[in-house]
Every structure is written in structure tokens, then in C-alpha cells.
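Undergrad: Each chain, written out:
Protein chains: 2
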Amino acid sequence: MNTAELVELGQQLRVDSVRAAAAAGSGHPTSSMSAADLMAVLLANHLRYDFERPDHPGNDRFVLSKGHASPLLYAAYKAADAIEDGELLTFRKLGSRLEGHPTPRRLPWVETATGSLGQGLPVGVGIALAGKRLDRTGYRVWVLCGDSELAEGSVWEAAEHAAYEHLDNLTAIVDVNRLGQRGPTRHGHDLDAYARRFQAFGWHTVEIDGHDVDAIDRAYGEAASTTGQPTVILARTLKGKGVAAVQDREGLHGKPLPEAEEAIAELGGPRDLTVRVQEPQAARMLHVVRDGSLELPTYDRGEKVATRNAFGEALAALGTARGEVVALDGEVGDSTRTEYFAKEHPDRFFECYIAEQQLLASAVGMAARGYVPYAATFAAFLTRAHDFVRMASISGSGINLVGSHAGVAIGQDGPSQMGLEDLAMFRAVYGSTVLYPCDANQTARLVAAMADLDGIRYLRTSRGESPVIYGPDEDFPVGGSKVLRSSGEDRLTVVAAGVTVHEALAAADALESEGIRVRVVDLYSVKPVDTETLRRAAEETGCLLTVEDHHEEGGLGDAVLDAFTDGRPVPRLVRLAVRTMPGSAAPDEQLHAAGIDRTAIAAAGRLLVGEAVVR
Amino acid sequence: MNTAELVELGQQLRVDSVRAAAAAGSGHPTSSMSAADLMAVLLANHLRYDFERPDHPGNDRFVLSKGHASPLLYAAYKAADAIEDGELLTFRKLGSRLEGHPTPRRLPWVETATGSLGQGLPVGVGIALAGKRLDRTGYRVWVLCGDSELAEGSVWEAAEHAAYEHLDNLTAIVDVNRLGQRGPTRHGHDLDAYARRFQAFGWHTVEIDGHDVDAIDRAYGEAASTTGQPTVILARTLKGKGVAAVQDREGLHGKPLPEAEEAIAELGGPRDLTVRVQEPQAARMLHVVRDGSLELPTYDRGEKVATRNAFGEALAALGTARGEVVALDGEVGDSTRTEYFAKEHPDRFFECYIAEQQLLASAVGMAARGYVPYAATFAAFLTRAHDFVRMASISGSGINLVGSHAGVAIGQDGPSQMGLEDLAMFRAVYGSTVLYPCDANQTARLVAAMADLDGIRYLRTSRGESPVIYGPDEDFPVGGSKVLRSSGEDRLTVVAAGVTVHEALAAADALESEGIRVRVVDLYSVKPVDTETLRRAAEETGCLLTVEDHHEEGGLGDAVLDAFTDGRPVPRLVRLAVRTMPGSAAPDEQLHAAGIDRTAIAAAGRLLVGEAVVR
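Same order as they appear, the protein sequences are chains W and V.
In my numbering, each residue carries its 1-based index in the first sequence increased by 53.
In my numbering, each residue carries its 1-based index in the second sequence increased by 53.
Some clues are possibly wrong.
Claimed, not checked - Straight-line Cα separation of at most 27 Å, BS3-like style, residue types lysine-lysine; simulated pairs:
1) V:Lys308 - W:Lys357
2) W:Lys146 - V:Lys357
3) V:Lys396 - V:Lys357
These aren't lab readings, by the way, just hints derived from the structure by calculation.
Keep in mind it's a predicted model, so treat the numbers as computed, not measured.
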């Protein structure tokens with residue numbers, strides 16, 4: 054499009070943003086208006102995208118990091134003839150695909166859910182990384198950011214990662230409209246302040262007037278022709294541009310325009326331009342390499358193996374069988390054992406250094422491109438990326454997360470390194486799967502099984518060695534459990550997972566020697582939970598004792614209760630969990646001090662059974 | 054100390070680090086050895102600190118951001134005569150104060166728990182901010198960082214915040230030993246790479262050889278005399294410095310030295326130097342201003358007020374009564390209503406922009422200085438700071454966190470803005486308090502009550518208006534609940550909190566008109582939970598129905614079950630919670646779609662009571 058047409062298109066996007074928000078009675082038109090010219094030029098002259106084939110491997114990828122500017126995005130979809138004008142006016146209404154913040158669950162052209170600021174650029178880095186190192190189909194990644202969100206540390210994790218990986222297929226476009234939600238940003242219209250920061254991190258920078266369509270056009274061209282480094286275009290804009298009553302004024306964030314009709318008239322009235330978006334380059338569809346059948350590692354019963362080791366070995370094997378499997382490390386691959394994968398498949402291994410938000414975002418970006426990512430760090434440090442996990446679930450992203458060094462069982466390193474909240478965090482994520490194996494064969498099977506599930510899948514592994522108790526051919530369906538001890542005279546069921554399974558077995562032996570028969574359930578699938586087995590155990594043994602190396606809230610004990618929250622009779626239950634603040638001590642001392650070792654289980658079991666008798 | 058003495062002191066710190074790790078059989082001596090000269094010069098010539106009076110208001114503050122280098126810290130304590138050599142050798146043993154990573158729970162000289170990398174500098178910024186804007190006793194804040202942790206985005210949130218606030222009382226010392234846990238860092242010994250980044254963010258930078266004690270001495274002097282901006286000292290060091298077998302070698306992170314005796318000999322053998330650390334400047338003890346008695350806002354029954362508004366008004370009133378109360382905003386103060394506090398107490402209001410990790414860290418830093426911080430953002434975005442909350446609980450930090458815009462009840466903005474995991478996250482934090490008020494008077498009382506609790510206190514507020522149902526003189530003890538409907542013929546108890554209280558009351562009215570009497574409990578204290586009332590309700594009404602605007606895992610329903618996990622009989626229970634992925638819709642449509650509105654409660658109530666009869 055030529056200059057005049059681009060100007061008209063920008064005005065159309067503004068008008069449609071105003072109309073959408075007016076119809077909704079809410080939304081962010083002023084944040085859309087500042088970026089309208091940036092979007093118009095991108096759509097008309099630079100983006101290569103087939104809206105009828107969003108999966109086209111040559112498609113450029115666009116991410117609206119400032120997700121609240123969704124009216125602008127939907128206005129662009131209308132201009133590209135991807136949606137009708139009527140649908141545009143369903144914005145923010147019940148059942149509409151056009152949500153307040155865009156999500157790929159609803160719209161095929163959205164790469165990742167945004168709305169939590171500072172996440173679009175990191176995910177864009179993940180997509181660009183896939184483009185550069187895996188897909189190699191020549192697509193570009195364009196990310197439209199707000200200026201306020203540059204305060205998020207995650208943006209600088211992304212900046213560091215992108216420059217380090219020389220992602221010249223990535224362009225960040227920053228809509229510097231100087232106004233945040235509650236007032237001016239730190240740097241206002243000082244484009245140089247942002248440029249200095251990006252340059253220091255290794256980016257190519259371009260500073261422009263974000264309402265000069267020719268300057269924007271040149272900047273996009275410069276970004277596309279820059280090699281060896283990512284480009285950021287810093288565009289000086291005005292929030293609410295084009296409508297005097299709101300332009301560059303405070304206190305108007307996230308509000309429809311007060312006089313929509315007048316504003317539309319001031320913008321020159323509605324238009325109905327349609328943009329012919331450039332076709333993507335011809336490219337082969339993503340070729341999913343399957344080198345062969347899966348040969349998981351196997352372990353002999355009685356052998357002592359840490360589940361983190363089994364994870365590493367299984368992941369390496371999975372990588373051999375499936376070319377779409379990738380691994381991502383938070384600079385602890387020697388601890389989590391993703392280093393085993395790195396050695397065998399260096400081309401599909403991504404070092405994210407100590408930047409857990411970028412670790413997650415890279416995984417989300419790769420999943421958006423069809424890969425099956427496994428991202429691993431200490432369970433404790435996955436809390437650093439909680440908001441990214443939350444947003445990934447809103448995206449419907451299929452990612453595998455692995456947290457090692459679970460619980461007090463790690464020993465001397467102390468509480469800062471202990472994952473004691475991770476089960477609660479991952480269980481509360483919509484549609485998640487939470488797995489917690491206790492031996493090496495079980496771990497290997499679960500590592501393979503999780504690859505093909507939907508949504509967020511979490512595997513919790515342990516630092517220390519534990520004896521192999523299952524044969525290599527045993528099946529471990531997700532949503533299942535294993536009854537490890539059972540008899541007709543069981544008076545109690547102990548439900549455990551991971552390290553406490555071994556403690557529970559020892560306690561069951563001790564109690565049996567006293568004449569108390571105990572059922573032991575290995576609840577390796579913490580979510581979904583095996584309601585059938587738990588309900589049967591409750592019926593047959595009368596009471597339950599849960600034991601977990603996790604804080605008492607939101608973990609295994611609560612997962613067990615999930616099986617009984619539909620109004621049916623609930624068994625009596627005692628929950629053993631970590632209720633104190635641990636210090637440094639040996640692993641066995643830790644389990645003992647926390648009251649989750651064999652001694653504590655046996656003692657609680659005696660009490661519970663005793664009470665059952667008295668009652 | 055002169056050059057020769059400083060060199061000797063550095064060697065002593067190395068020897069003692071090696072000895073401590075050897076005695077423990079674990080720990081991070083090589084990461085301690087690289088920073089030993091940096092620590093020696095600081096301790097001997099620059100730090101002003103009274104180890105016998107850690108609360109001295111003039112004391113400098115030292116933060117070991119690279120918390121795994123704890124042997125170095127403890128060796129310094131020994132050199133300062135704060136601990137005995139015998140205690141040094143208890144490192145990482147059960148019951149020792151000298152944990153694997155330092156915590157203020159155990160040691161009076163530790164400002165904040167570290168061990169999750171990238172957190173020490175942000176907390177140091179919080180302390181320096183208190184020093185600059187509140188205490189004004191002239192102390193300096195020294196933060197010793199690792200180079201690996203500079204990959205964390207939180208470090209750049211801190212860098213931005215410190216420069217913007219002109220914190221010239223803050224010095225970051227970066228031990229650039231070029232080796233992370235699993236291998237080389239991104240930038241190795243390229244000090245300029247780090248300098249460019251810090252300079253771009255507005256810091257004064259100094260690059261030195263971190264083993265040249267005179268250069269270190271000069272650098273600290275330069276930092277102390279720099280005005281208007283914080284200083285970072287980038288020190289080129291060698292991991293394992295001084296012992297040829299480990300120096301600058303990979304694969305030796307977090308391991309005791311293989312041949313400790315030989316290493317100690319190579320370092321010149323044990324020494325027993327004692328440092329006379331400089332006295333702090335004379336300073337008044339922190340003056341806690343109490344301007345007057347607390348006059349909380351009050352609201353009339355039937356008035357419609359959003360609990361977020363009541364929070365804002367109560368916080369402003371609390372600030373008037375208590376000078377040690379401070380408020381921190383994540384650039385959404387107009388939404389959370391911390392803006393009310395800002396207007397009345399601008400000197401104690403801290404804008405942290407969109408950087409939730411720094412928001413939390415600032416609160417932790419201020420709490421360390423004796424202030425009572427309230428940090429607020431959307432409940433959803435507090436997940437961004439989960440790891441900081443976790444570490445704050447390890448510190449034993451007393452902070453108030455307020456999450457607004459809870460649940461699907463926010464309406465059109467959609468899932469990215471909805472706090473649906475926050476109760477699970479905060480309940481699982483050790484020693485936390487979780488409060489969730491349903492009306493304005495209750496909110497005001499809880500805002501005041503939480504100020505004086507221990508540990509992490511979380512208040513969940515709602516966006517929309519709700520009717521005031523309590524009088525202004527009603528008491529709301531933490532750990533309590535309110536029975537809002539009760540009779541001798543109750544056949545069911547509905548337990549609700551926040552927005553669902555009003556739905557529960559409407560459902561109870563509907564059911565009563567059908568002849569079904571229902572007890573309604575307002576569980577405003579989600580943790581600790583009112584076990585007595587819940588147990589009585591279970592006994593008297595037979596079954597419980599919980600209803601919450603939160604995912605089903607880890608929230609209100611699980612909190613209710615906490616009252617029954619000690620082996621006593623458990624009532625039948627049905628849990629209504631958000632089980633779907635919401636989209637955009639009006640608030641009432643959202644509650645209906647999620648199945649947590651009055652209609653859903655009444656329907657579930659009928660079912661549960663019906664079953665009770667059948668049974």
C-alpha cells in the first residue's frame with residue numbers, strides 16, 4: 054500500500070477499535086489507537102501470512118504482547134478479511150471468540166495468550182528460536198509491545214536470550230505512548246532510554262515517529278534486512294491518537310471513548326478497506342521426524358536409581374525416537390539430568406541459563422510451532438515462572454515441565470532449594486496433569502506418556518536414589534495408581550507418592566509385624582487422581598493416611614480428597630505433610646524431622662487404626 | 054587493614070570456606086573462594102556494622118545474593134568474631150544456624166534469605182529505598198552477586214528501580230567468576246558486557262581484578278563517594294581461586310574440595326585473624342511514628358461498595374494512624390486503590406511499575422527495616438512473584454500482599470486478568486495467613502488486623518461492588534468465620550467467601566422458601582481456618598457445600614477440609630468451584646457459567662439434601 058492508503062488503513066483500525074469497545078462497553082481503545090499505524094503498515098506491507106492456513110509453515114508469526122490492545126488486533130483481522138464486521142462487534146461478549154485479551158484457544162491466528170504483560174516478547178523469542186534452529190522455513194516473528202511492559206524483568210530475559218542466539222528473524226515493535234495504566238511510564242517519550250538498554254543487550258535499534266507510515270515502512274524493511282541480531286523498533290506514539298478528547302491524556306486507560314460517535318466522525322468515519330496480506334514463502338510443512346520406535350531405559354528391581362536420572366535417560370531415549378521432542382534447561386542440566394539429552398541431541402537442546410520465565414516462554418513458543426518441549430529446573434524454581442504457566446494454560450499450550458529436587462528429601466541445601474509448593478501450584482492450573490514417580494521404571498514410562506497429553510504436564514522428580522520396585526514392563530496409565538500392599542484384612546490405606554512410597558512400604562511392613570494389615574497406594578498420578586481405587590480403599594479399609602514431601606496445602610492429601618468431594622461419604626483421613634520450616638540436615642533426618650518418614654507413618658497408622666477400633 | 058593483611062584475610066576466608074564444606078561433606082567452597090578477596094576488603098575496610106547490635110539503625114546492610122557462597126559468609130562472621138570456629142564446623146548439620154543458604158530466621162546478621170538466585174539485589178534495592186526515603190540514617194547497602202544470576206530478569210527490574218530512584222547508597226558487587234553450575238556463563242569474563250548493561254540502566258560501573266585487594270579497596274571507596282546513582286563493581290575472579298586443582302575449572306560447582314587438607318596447605322594453612330569491623334555512624338533508632346488512633350472507614354448496611362475500595366480507604370486510614378505503614382504499587386494503583394494511600398501519604402508510597410518481582414522484593418526489604426508494607430496488584434499477577442513470596446516466607450518476613458480482581462467475577466477482561474490460583478498459591482506458603490472479605494466493613498477490619506500478624510499475609514479483594522452486610526462495629530478475628538444463617542433445622546451448610554457469600558445468601562433464601570433450611574458460613578479467614586465452627590456445622594447439619602470463585606484445587610474447599618484431616622469423621626461435601634476456562638462475559642454471566650452463582654448453589658443444595666434424605 055502507498056502512503057495515503059496506509060494512513061487510511063490506520064484510521065480504519067482506529068475507528069474499528071473505537072466501535073468494538075463502544076459495542077462492548079469496555080476495553081482498551083486508546084491503547085489500540087496509539088499502535089494503529091504500526092499495525093496498518095505491518096499488515097499491508099510486511100507481514101507474510103495466509104489467514105486461511107494459519108498452520109502454513111512459512112507464515113510469519115505475530116504476537117500482540119500488549120494483549121489489552123485486542124480491539125486493534127481484531128480490527129486488523131477484519132481488515133484482512135479474516136472476520137466479518139458483525140463479529141467485530143461481539144467483542145467481549147459471552148461466547149464470542151473476540152475476548153478481552155486474545156487467546157489461541159479461540160482464534161487460530163493467535164500464537165499465544167497475552168494479557169499478562171511482559172510475556173509476548175519472551176514467547177516470541179521461543180518461536181523465533183524454533184524458526185532459526187529447527188523450522189528454518191524463513192518466517193519472521195513480529196511482536197508488538199507496550200512501553201509499560203518493558204519494566205518487567207521477563208522482557209530483559211528475552212532481550213538477553215534473543216541477542217545471544219542472534220535471532221535476526223525477530224522484530225520487537227514498541228508502542229511508546231508514554232502512558233501506563235495509572236499515569237506516565239518511567240521514561241515517557243525518551244526513546245533513547247529504551248534504545249540504550251536494548252543496544253547494551255545486543256539488539257539493533259530503530260527510533261521512529263510511530264504515526265509516520267513511511268518511517269514505519271522503512272523501519273520494518275530495515276529490521277527485515279538486519280542480520281545477526283534482533284531488531285527493536287521504538288516508536289513514539291500518542292495514546293488515543295486522532296481523537297482530541299482522549300489523545301495523550303491520563304486517566305483514560307482501559308475505557309471506551311466517552312463520545313464514540315463524535316470520535317468516529319473525528320477519525321473520518323467508518324471505512325471498509327480490505328488488505329491483501331502477502332502470501333508466505335513456499336515452505337515444507339513441519340516435518341516431524343520419527344527416527345524409530347521408542348526404547349526406554351529399563352532398570353532392575355532393587356537397583357538404586359534417582360528418578361531425576363531416569364528422567365534424563367528416558368528423555369534422551371524419547372528424543373531419539375521422536376524428532377519433535379526438544380529439551381530446555383535453566384542452567385541446572387547437570388542436576389535435572391537434561392544434560393543426558395543435550396549430549397545425544399545437541400541440536401534440539403536449548404540452554405536458557407538462570408532465567409526461568411524465559412525457560413517457560415521458550416517452551417510455549419516451541420509448542421506453538423508444533424514441538425514437544427520438556428523444560429526442567431529445580432521444582433522450587435518453577436515458582437519463578439508461575440505466571441507463565443498460568444498464561445500457558447490459557448493458551449492451551451501443550452508443554453512438559455519437570456521439577457527436580459522435590460521436598461525436604463534433598464537434605465543439606467535447605468529450604469530455598471526444596472520444592473514444597475510445586476504440587477499446589479501445578480494442581481491449581483486449569484487442565485493440568487501432575488505426575489510424581491517413585492522409581493526409575495515408573496519415571497521412564499511417565500516421561501514418555503506425558504508427551505502426548507493436552508495442556509500443562511508436570512513431572513516431579515527426586516534428587517536422591519531410591520530402590521526400583523516396579524518391573525520394566527509395568528504400565529502406569531495417567532490417572533491411575535498402584536496398589537502395592539493389599540489384603541482382605543486391611544484396616545488402613547496409606548497413600549503416598551515419590552519418596553514417601555518407600556517410607557510407606559517400610560511402615561506397612563512394621564505394622565504388619567504387629568498384626569496391623571495396611572494397604573499401600575502409590576498415587577503417582579496426583580492429577581488426575583485415581584478416584585476408583587481411592588474410593589474402593591476407603592470403603593474396604595475405612596480410613597486413609599496420606600503422606601507427602603510437600604506442604605500440607607494443595608498437595609497429595611488434597612488430591613486424595615478430590616475423590617470424595619461429590620457428596621459421597623468421606624473416609625476418615627489423616628494427612629502427614631511438611632508443616633515446619635526445614636533447615637539443613639541429611640535427607641533421612643529431614644524426613645524424620647518433618648514427620649513423614651516410616652516411623653511417623655507407622656505411629657499415625659497405629660493411632661488411626663486404634664481410634665477406628667475404639668469408635 | 055593494609056594490603057598484606059587484606060591478602061591474608063582473603064586467604065583465611067578461603068581456608069575457612071574449604072574447612073566448613075569439608076566438615077559438612079557438601080556446600081559451595083569454589084564459589085566462596087572467588088569472592089573471598091571482595092569480602093575481605095569489605096569487612097575490614099568499608100562495612101560499618103555492629104555485630105552485637107544487628108538492629109543498630111546506622112548499620113550498613115550486607116546481602117549475599119549468591120546465597121550458595123554461605124561458607125564465605127560464615128567465614129566472615131568468624132573473622133568478625135561474631136561466631137566461634139567450632140560453630141563454623143557445624144555448617145549444614147541438623148540444628149545448626151549455619152544452613153546451606155543463609156536465613157534471617159536463624160542468624161541476626163542476615164537481612165534476607167537467599168539461595169534462589171536473582172533475589173538478593175532486588176531485596177537490597179528495597180532496603181536501600183527504605184534507607185534513602187524513610188530511615189535516612191546514612192547506611193549503605195552492599196549486595197554481593199554472582200555473575201550467573203544476572204540472567205534473571207528480576208536483576209534488571211532491580212537495576213531499573215535503583216537507578217530511577219537514584220539509590221547512591223547501594224553498591225552491587227558482582228563476582229564474575231565466569232562459571233555457572235553446569236558450565237560457562239553467557240558472557241564469561243567479558244566485564245564490559247555487564248558494564249554496558251548496567252550503564253544503560255543508569256548505574257555507575259567500576260571494572261576491577263577481583264583478586265587485587267588494593268583495586269577492590271579503591272572501587273569500594275569510589276562506590277561510596279558516587280552520588281546520584283547506584284554503583285556496580287564488576288570484579289573479574291577465578292572460581293576456586295588459590296587452589297590449582299579446582300581453580301577456574303568446570304564441573305566443580307557445589308562440591309567440597311577433593312583434597313581439603315592439601316588445599317588448605319596450598320592456601321597457606323589456617324589463620325586466626327580477627328577483624329575490627331568499623332562502628333556504624335551514630336543514628337537514632339528507627340522512629341515509629343504513630344500519629345493517632347486508628348479511625349477506619351465505616352460503611353452502612355446495604356450500601357454497595359467494592360472490597361478493593363474499602364481496602365484502599367482502610368489502608369489510607371491505617372497510614373494516618375501508623376507511620377511505619379508503607380504502600381507499594383505494581384502500576385495498577387488506580388485499580389487496587391492503593392492510590393488512596395498515595396494521595397494521603399505520598400512520602401510512604403512506592404511506585405514499582407509493572408515489575409511484580411521488584412514489588413515483592415521492595416516489600417521484603419522494607420519489612421527487614423521494620424516497616425509494615427502493603428504491596429498490591431491484581432491477584433493474577435502476584436503469581437509473577439511466587440518465588441519471591443516463597444523466599445520471603447523462608448526469611449520469616451512480615452509482609453502484607455493484596456490481590457485485587459479476584460476470580461471470574463471481574464467479567465469481560467477474561468482469564469488472563471482473573472486471579473483463580475491465588476488462594477492455592479498463598480495457602481501453600483509456610484506460615485501464611487489468607488483472608489478473603491465479602492463486604493466493606495469486614496475488609497477494613499481485616500486490613501488493620503493483618504498489619505500485626507507474623508509471616509506472609511494475603512488479602513483477596515474483588516473488583517465489583519457488593520452490598521455491605523456487616524455493621525461497622527463487628528469484629529472479624531483472624532482464624533474466625535461468621536455464621537450468617539443458622540437454625541435448629543439446618544440440613545446443609547454452605548461455606549462461602551468473598552463474592553460467593555452474597556450468592557450463598559440468595560441461594561439460602563431460595564431454599565428456605567422451599568422449606569429447606571440452610572446454614573451459611575462466611576469463611577473470610579481461609580487460613581487459618583475456623584475449625585470449630587466448621588466442625589459444629591458438620592455435626593449439626595450433616596453435609597457441607599463449599600462455593601468459591603477460584604479453581605477447585607487448593608482454595609476454599611480444600612481449606613474447609615483442613616478442619617477434618619486429623620482422623621475425625623468427615624462430613625459429606627460438595628465443592629463448587631471454577632472448573633472451566635472462562636472467556637469474556639459480564640460478571641453475573643461468568644458466575645453462572647462457572648456454576649458458582651445462586652442458581653448453582655441452590656441446585657447443588659437440593660441435590661445434597663435430597664441424597665441425605667435418601668441415605
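Undergrad: If a hint holds in the structure, say so; if it does not, say that too.
TA: Consistency of the hints with the structure:
no.	hint	result
1	V:Lys308 - W:Lys357	holds, 22 Å
2	W:Lys146 - V:Lys357	holds, 25 Å
3	V:Lys396 - V:Lys357	holds, 23 Å
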